[in-house]
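J.: Next come the chains, spelled out residue by residue.
Number of protein chains: 2
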Amino acid sequence: MNNNQDFIDFINSGDKLFPCLSIDCVIFGFHDNQLKILLLKFKNTDFFALPGGFIDKDENIDDAAKQVLKKRTGLENIYLEQFYTFGETNRVDIEIHKTIMLKNGVTPEPGHWLLQRFVTVGYYALVDFSKAVPTPDLFSDAWDWYDINEMPPLAFDHENISRKALETLRLMLDFKLIGFNLLPETFTMAELQSLYETILGKKLIRANFQRKILSLEILERLDKKWSGGAHKAPYLYRFDEKKAKDFLEGKTLY
Amino acid sequence: MNNNQDFIDFINSGDKLFPCLSIDCVIFGFHDNQLKILLLKFKNTDFFALPGGFIDKDENIDDAAKQVLKKRTGLENIYLEQFYTFGETNRVDIEIHKTIMLKNGVTPEPGHWLLQRFVTVGYYALVDFSKAVPTPDLFSDAWDWYDINEMPPLAFDHENISRKALETLRLMLDFKLIGFNLLPETFTMAELQSLYETILGKKLIRANFQRKILSLEILERLDKKWSGGAHKAPYLYRFDEKKAKDFLEGKTLY
Numbered sequence: 000m001n002n003n004q005d006f007i008d009f010i011n012s013g014d015k016l017f018p019c020l021s022i023d024c025v026i027f028g029f030h031d032n033q034l035k036i037l038l039l040k041f042k043n044t045d046f047f048a049l050p051g052g053f054i055d056k057d058e059n060i061d062d063a064a065k066q067v068l069k070k071r072t073g074l075e076n077i078y079l080e081q082f083y084t085f086g087e088t089n090r091v092d093i094e095i096h097k098t099i100m101l102k103n104g105v106t107p108e109p110g111h112w113l114l115q116r117f118v119t120v121g122y123y124a125l126v127d128f129s130k131a132v133p134t135p136d137l138f139s140d141a142w143d144w145y146d147i148n149e150m151p152p153l154a155f156d157h158e159n160i161s162r163k164a165l166e167t168l169r170l171m172l173d174f175k176l177i178g179f180n181l182l183p184e185t186f187t188m189a190e191l192q193s194l195y196e197t198i199l200g201k202k203l204i205r206a207n208f209q210r211k212i213l214s215l216e217i218l219e220r221l222d223k224k225w226s227g228g229a230h231k232a233p234y235l236y237r238f239d240e241k242k243a244k245d246f247l248e249g250k251t252l253y
Numbered sequence: 000m001n002n003n004q005d006f007i008d009f010i011n012s013g014d015k016l017f018p019c020l021s022i023d024c025v026i027f028g029f030h031d032n033q034l035k036i037l038l039l040k041f042k043n044t045d046f047f048a049l050p051g052g053f054i055d056k057d058e059n060i061d062d063a064a065k066q067v068l069k070k071r072t073g074l075e076n077i078y079l080e081q082f083y084t085f086g087e088t089n090r091v092d093i094e095i096h097k098t099i100m101l102k103n104g105v106t107p108e109p110g111h112w113l114l115q116r117f118v119t120v121g122y123y124a125l126v127d128f129s130k131a132v133p134t135p136d137l138f139s140d141a142w143d144w145y146d147i148n149e150m151p152p153l154a155f156d157h158e159n160i161s162r163k164a165l166e167t168l169r170l171m172l173d174f175k176l177i178g179f180n181l182l183p184e185t186f187t188m189a190e191l192q193s194l195y196e197t198i199l200g201k202k203l204i205r206a207n208f209q210r211k212i213l214s215l216e217i218l219e220r221l222d223k224k225w226s227g228g229a230h231k232a233p234y235l236y237r238f239d240e241k242k243a244k245d246f247l248e249g250k251t252l253y
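Residue numbers (numbering that gives the first Met the number 0), protein chains in the order written: chain A, 0 to 253; chain B, 0 to 253.
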């Protein structure tokens, strides 16, 4: 397949797209107490960026975001949420778009659709990165998971977008309980605390964490885990969907 | 001033605007235990809608939203936050836009900028409606505050936008403590509870509310309020900016 011809064809098909609006996805990957972020490198350049895309004229923007997540990770039915729309006039450096085109065999005419001011709608997702199969798009030739503290410099305002996504992820850990879809059906308090510590990026005090999480009344305590050894066996917990629903609807807040 | 000529001039000046993107503001007003929402009626029609606007080609979208709030309420430095971008393909009924133009002396040509698919960025604000001076825009001839349970049917997807704004407002009452900017510097627990009850739209149990709010550790307790009577005087509280900042930065969550 001549990827470059596909790239050129796409660059010349701006009239099929909703104008001046893009999507950027901050895809967080969690596994083995590591929190990573999926980044791409634009073809034949050294520009790193978030995976993203454009919106067809007859496509809902939330659907366009789902497509980006599915195509770039191979995963479906994943927690994906819109978190902010970035509309600063100077957020996109048009010279970068120009360079990407030139390095890939396209000399853009003045007024080309990609050389306009773009507003972008930001989405974030949380996936188990060991289950994802990152796949490049027409614009990229390298994809990888980066530790969130060791990201390369990003093009455009993508560092700002990533930072705001991380803030939202951390806030939503409590308010939408989104961490639980990354745990097995039953888990110990230590496993749950470890997940929270990794996403929040800090150590938590064990007694405080346990009190706080139990006070949400969203966990069901099961039998103790059989450890096979002489050590004290920890309790196993299960996430109670029904109670969580009540919590998320604010029924138990007061 | 010939408002209608201004309307016609604006309708013909689409080339100065960022394309196919609008702003809608859900402006909640609180006063005397009432929660209201500011609605407009499009000129010479019976279509009710949220106040909104468009974005100049060289304007940040957040600034455009601030302008809408300022121009429509006369208020500045108000809590205003972007909460969602609505991008369903069918969210705007173009016939309504056409009718508004026809009823106001404009016969739109096919392909007119207002007859396109629009994506809209939603913002919500919380103001003291007794301090606001609602002012109509070029598109409207009536403005009023409506009880959130007694709104007229709204045009486009504005009922959906309002509902999502109210959900966000209720969620953010806890997570961003936004209710406090509507209270005087010192207040009683009963006054605070009343604010929460009005915004949440339900009665709260006094002991639970007090325990929950005090557990956030964001209030400073002052001397008892002198009531002048024989009844038990209630304590006065003050919102502690420093502690609230710690809370909002998640420092006290665990």
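Honestly, the hints are just simulated from the structure, not real lab data.
Be a bit skeptical, because a hint or two may be false.
Since the list gives no way to pick out one identical chain from another, each pair is judged satisfied if it fits inside one copy or across any two copies.
[What the hints assert, rightly or not] Quick list of in silico lysine to aspartate or glutamate cross-link-like pairs, EDC-like style, CA-CA up to 16 Å:
{"hint": "1", "residue 1": "244", "residue 2": "216"}
{"hint": "2", "residue 1": "163", "residue 2": "248"}
{"hint": "3", "residue 1": "56", "residue 2": "87"}
{"hint": "4", "residue 1": "163", "residue 2": "80"}
{"hint": "5", "residue 1": "65", "residue 2": "87"}
{"hint": "6", "residue 1": "175", "residue 2": "80"}
{"hint": "7", "residue 1": "244", "residue 2": "166"}
{"hint": "8", "residue 1": "42", "residue 2": "140"}
{"hint": "9", "residue 1": "15", "residue 2": "57"}
J.: Give a verdict on every hint.
T.: Now the hints, each set against the structure:
no.: 1; hint: 244 with 216; result: within (11 Å within a copy, 27 Å between copies)
no.: 2; hint: 163 with 248; result: between (25 Å within a copy, 13 Å between copies)
no.: 3; hint: 56 with 87; result: between (23 Å within a copy, 11 Å between copies)
no.: 4; hint: 163 with 80; result: both (13 Å within a copy, 14 Å between copies)
no.: 5; hint: 65 with 87; result: between (24 Å within a copy, 14 Å between copies)
no.: 6; hint: 175 with 80; result: within (11 Å within a copy, 19 Å between copies)
no.: 7; hint: 244 with 166; result: between (23 Å within a copy, 15 Å between copies)
no.: 8; hint: 42 with 140; result: within (5 Å within a copy, 54 Å between copies)
no.: 9; hint: 15 with 57; result: within (9 Å within a copy, 25 Å between copies)
The earlier numbered hints are all upheld by this structure, with none contradicted.
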